[in-house]
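Student: Throw the hints in and build the complete structure from the sequences for me.
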Amino acid sequence: MKTTKKRNKKYSPREIFTNAVDWAIAGSFTFPHATQAEITLPVYDAFKIMQQGIATRDDWNMVCSGANLAEALAGLQIGPNLLPAIYAGLDALDKVARRMLKGGTSTMRADEMAAIREMIEMYRIQVSLCTQAEFGRAIKKVKDMHRGGAMKEVAKVYAAMN
1 MKTTKKRNKK YSPREIFTNA VDWAIAGSFT FPHATQAEIT LPVYDAFKIM QQGIATRDDW
61 NMVCSGANLA EALAGLQIGP NLLPAIYAGL DALDKVARRM LKGGTSTMRA DEMAAIREMI
121 EMYRIQVSLC TQAEFGRAIK KVKDMHRGGA MKEVAKVYAA MN
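Residue numbering for the sequence shown follows the numbering used here, beginning at 1 and increasing consecutively.
Rather than coming from a laboratory, the hints here were simulated on the basis of the structure.
Be careful, since some hints might not be right.
As the list claims (entries may be wrong) - Calculated pairs, DSS-like style, for lysine-lysine (alpha carbon to alpha carbon, straight line, at most 27 Å):
#: 1; residue 1: Lys95; residue 2: Lys9
#: 2; residue 1: Lys10; residue 2: Lys48
#: 3; residue 1: Lys141; residue 2: Lys95
#: 4; residue 1: Lys143; residue 2: Lys48
Tutor: Here you go:
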C-alpha cells in the first residue's frame, strides 16, 4: 500500500519567461569581447599574484575556478582536445595548493607556471568560442560537481579552512 507524505515545502511557481524566443536567441550568441575580458581577467589577475608568490586562498580559488570551467566547457565539446593541457594545469594547481598548505607560500616552479599559464589561455579561447547558454551550462555543471562532492582533495581541504 502506497502512503503519501505531506509536503512540508510551500509551493512557489517558477518565474515565467515573457519572451522565451528572445531569451533563446540571446543564449545562442557568443559573448562580446568586453564581456569575455570581464570573465577571464580575474583569473589572469589571480595568476599574476600567484606568480609573485604572495597569493592567498582566494587567488588560488579564482584560478581553480577558471580551470574547472575550462574542464566543464571541454566536457560540453568546446575544445575537448584541450583536456590534456587543462589537466596539466589542474595538477600544477594541486602542487601549488599543497605547498600553500604546508608553508603558506604560493611560489611556483617553472613547469607549473607554464602549465597553469597554458591552461588559462585554453580557458580564454574556450570562452571566446562558447555561446552564452553553453557558458551557463558549464557554470551549472561546476556547481553540481562541487555540490556532489566531486572536488579534488586539495579543494576539499581549502574549503574546510577558515
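Student: Now look at each hint and say whether the structure bears it out.
Tutor: Verification of the hints:
With a C-alpha separation of about 44 Å, the suggested pair lysine 95 and lysine 9 falls outside the 27 Å cut-off, and the hint is violated. With a CA separation close to 48 Å, the supplied pair lysine 10 and lysine 48 exceeds the 27 Å bound. Restraint check for lysine 141 and lysine 95: satisfied, since their Cα atoms lie roughly 24 Å apart, inside the 27 Å limit. A hinted pair counts as satisfied when its Cα atoms are at most 27 Å apart, and lysine 143 with lysine 48 qualifies at roughly 25 Å.
In summary, the structure is inconsistent with hints 1 and 2 from the numbered list given earlier, while agreeing with the others.
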